[in-house]
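Peer 1: So you can see what is in the structure, the chains are spelled out below.
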Amino acid sequence: GAGVSQSPSNKVTEKGKDVELRCDPISGHTALYWYRQSLGQGLEFLIYFQGNSAPDKSGLPSDRFSAERTGGSVSTLTIQRTQQEDSAVYLCASSLVSGGTTDTQYFGPGTRLTVL
Amino acid sequence: ILNVEQSPQSLHVQEGDSTNFTCSFPSSNFYALHWYRWETAKSPEALFVMTLNGDEKKKGRISATLNTKEGYSYLYIKGSQPEDSATYLCALPRGSTLGRLYFGRGTQLTVWP
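Line order of the protein sequences matches chains X and D.
All letters in the first sequence, in the order written, are residues 68 to 183 by my numbering.
All letters in the second sequence, in the order written, are residues 6 to 118 by my numbering.
Hints may contain errors.
What the hints assert, rightly or not - Residues from chain D shown here face chain X by an in silico Cβ test under 10 Å; the list is partial:
| hint | residue |
| --- | --- |
| 1 | Gln-11 |
| 2 | Trp-43 |
| 3 | Ala-51 |
| 4 | Val-54 |
| 5 | Leu-94 |
| 6 | Leu-97 |
| 7 | Gly-104 |
| 8 | Arg-105 |
| 9 | Phe-108 |
| 10 | Gly-111 |
Derived by calculation from the structure, the hints in this document are not laboratory data.
From the three backbone atoms N, C-alpha and C, an ideal C-beta is built for every residue, glycine too.
With the sequences and hints as input, model every part of the structure.
Peer 2: Dropping the structure here:
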């Protein structure tokens, strides 16, 4: 079946512009996660959606970052007034069961964001 | 914050060599450990989920062991092939009910033909 898909694959933007990154999880997966990897850093958790519960936003680095998940499926990560330090690969993942510590998270190919 | 350390940062081996690398983590409040392989321009791929002290998992030429009492896991690759070239990541959840993962920085493996 289809895996997790993300769009766009690459995004170049100017400092101060807003960007939207999209994630289509695997059909039927109830949990959805956003991570990012900045240059030289490990994967960093951003936000986690679990079914119909309120999302865990504790990893968002600033109030310029927000995310929503519509209809329990597609998710959009929005970065407002982008800064150069936002340049990173943004990865989305989904898992079948919500919130389990042993749930395998299936990752998309990522969106490489470059802020000039 | 959960401190996950991986070593070495990078590794270069010849085709046919066997190799291993380490993931270290705090031994208290352990719930699970995940290993992923991330090839360039592809999605990170799940390799193993490990939960029990002494656990050993195997997938083809790749295997992993877990020691939760001393806080480390080893990943072994037997007879490395160029297609094994990738970054190998380990990750752990912080809580018993939280699915978010804390990742190490990874070990970048390059296998030369």
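Peer 1: Please name the hints from earlier in the document that this structure breaks, with their numbers sorted from lowest to highest.
Peer 2: none
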